[in-house]
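Peer 1: Produce the entire structure from the sequences given, and follow the hints as far as they go.
Residue numbers (our numbering): 213 to 909.
The set of hints was computed from the structure by calculation and includes no laboratory data. Keep in mind that a hint or two might mislead.
Heads up, simulated EDC-like pairs for lysine to aspartate or glutamate below, C-alpha to C-alpha not over 16 Å straight-line [stated by the list, open to error]: (1) K639 <-> D730; (2) K781 <-> E492; (3) K644 <-> E731; (4) K439 <-> D410; (5) K658 <-> E691; (6) K616 <-> D550.
Here are the simulated distance ranges between beta carbons [unchecked claim]: (7) P746 <-> S901: 37 to 43 Å; (8) D863 <-> S443: 40 to 46 Å; (9) E492 <-> P215: 55 to 61 Å; (10) P746 <-> H475: 40 to 46 Å.
Glycine included, every Cβ here is placed at the ideal spot set by N, Cα and C.
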Amino acid sequence: LGPGGLTRKSAGFEVRDVHHTHYGRICPIETPEGQNIGLMTRLATYARVNSFGFIETPYRKVRNGRVTDQIEYLTADEEDKYTIAQANAPLNGDGSFAHNLVRCRRRGDFSLVSPSEIDYMDVSPKQMVGVSASLIPFLEHDDASRALMGSNMQRQAVPLLKAEPPLVGTGMERRVAIDSKAVVLAREAGEVVSVSADRIVIRPEQPADEAAQLLGIPDYHTYNLIKFKRSNSDSCINQRPVVKVGDKVKAGQLIADGQATRHGELALGANLLVAFMPWEGYNFEDDIVVRERLVKEDIFTSIHMVEFEVQVRRTRLGPEEITRDIPNVGEDMVKNLDERGIIRVGAEAKAGDILVGKVTPKGETELSPEEKLLRTIFGEKAGEVRDTSLRVPPGMEGVVVDTKLFSRKHRDEKTEKEDRDKIASLKNEAQKRIAEIKRARDKEAKQLLQGQRSGVLRNTEDGCIICNSGESLDGAVLERIDLDVVRPDDKWVEDKCNNSKIETLIKTSQMLIDHVEDELDQQIERLTRGEELPSGILQLAKVYVAQKRKLTVGDKMSGRHGNKGVVAKVVPEEDMPYLPDGTPVDIVLNPLGVPSRMNLGQILETHLGWAAKRLGIYVSTPVFDGASLEEIEQALAKAGLPKNGKTVLYDGKTGERFSEKVTVGYIYMMKLSHLVEDKIHARSIGPYSLVTQQPLG
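Peer 2: Have a look at this one:
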């Protein structure tokens, strides 16, 4: 791809197709469905790129038919020379192969060979697939094209308000959450001393900073959390603390959850009680029938952040201006604007409301002689302006969560007051830190000086001698010594060891104070410097509006097996089919969506999910090494459920039982970022073409 490379048109099947050298290096599943299929690919789970730019994959070395723990990374051309066993080949306790013939691969061929001929063994069954595909339980039971959709659609899941991890996972959920940096982990072991919505402070067991250790200052670690920030896909990034004050934490332990995570595990959707049956024709053609509880209890509610931007330019007729003084606009329209003309944080914004008041100069009209005379007498009248304010677009409402005003050096009164407040707060924080350093320094120094014979100590400000050489340093003398200004002519005390310690202490504390002051200067300089805006733009105002979107008819939903659909009806709880114990199902899927798609993983997930829910456990079934049908049957039996995973259901409307037993269980469903609210469109009657009578524009 790129200049002189492939284009979508010139790339044929050979380039796009899966090749045996992709094994363990490039995911054979995760690729786009459209014209880029096979051209855009992802690295496999354990793959890495070496210094020459080739992709390597790890293998366990096999010596004389025994598998060792030695890991070697091989490139595709190196691998062609060796015979490689599968990761789930049965082994004895000593690392030898359990069977006389082992299924292996060499280049593109698969054959049965004796253990003595094997060179390497895969490190894991999920080695051949990418991260997204490794999150699909029972992947081995899904058709490849549906697995492709399943892995791609997980990346389209909207972070939910009440996310929950899947009952049936693959064991990769925690690793993905940590590596995505969505969650916050403790850097070192220690004790939580303070927790708020946006900050966690931990006192480490061992202070890492030598200077802090010397001064005996607790070297606190502060973790600032992200609160309600907008992502590039307009979803909401929010981190929540999961620790309490007094908790002891280890290095690498979870201290805060992020978006789409719960208890440090990836949580893209919710576990729902599903029934596979037709329901009054509403789930025809992949449509989905959902229970009203999902809407009422905000199970699939998500927060979306929309960014609005307005630019203030210099025009031919003069500069534009952000103001709340807008011509021909009533007081009720500007009641939520602050003195700058920007809507206040916390205001509810509805369609047509003004977010940022802006006026633009308009061309002077020809003046009548009377107006000319009046203008001459009363001086120059303010130029005519027109309203060019930023308004909320139609069909949208939300709450303003943040506003920003970027100015090119020119700063108004409110911005300057905000800056002054911020600078005062920064200075106050810095003074507290400096006072703490000085307090620790003075305490430590007095212990070292106590009872010692002093050198000549002098006040550097006025040159007065505080202590003469050989004078004993006791309580009264020590009180006179201000370590900010007192310095020795030659040495602090006669004892060489103590003298060296005091010098190190003074030097270290001064270094720490200088560091705090430098940091403060940088922060103040950053605040007072004007923003660098594109040429011609004087100011830039941004307003962030948060929307709460519940699940509604027309929203796209999906499981992890490519089983996607659109919500066709939200049904009251009393009308949904219910189990013999009276529990209504959460979601009704069409059984005809399974056989032709060949994604049986969803059925196995449903069965195992039912058993897991009943037993109160979470299950991990890694890809290509997951639960067998026998193990699922055992889990259902242990939970006291029917072995075939089917049960009698009753019609919520009539109370009569359905004629056949129905497959019921728990399935993990996600809400995708194809929301009907963003897609629905309407246009009013406008101009038509005279000939064809079709709308123009």
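Peer 1: Which hint numbers doesn't this structure obey?
Peer 2: No hint contradicted; all consistent.
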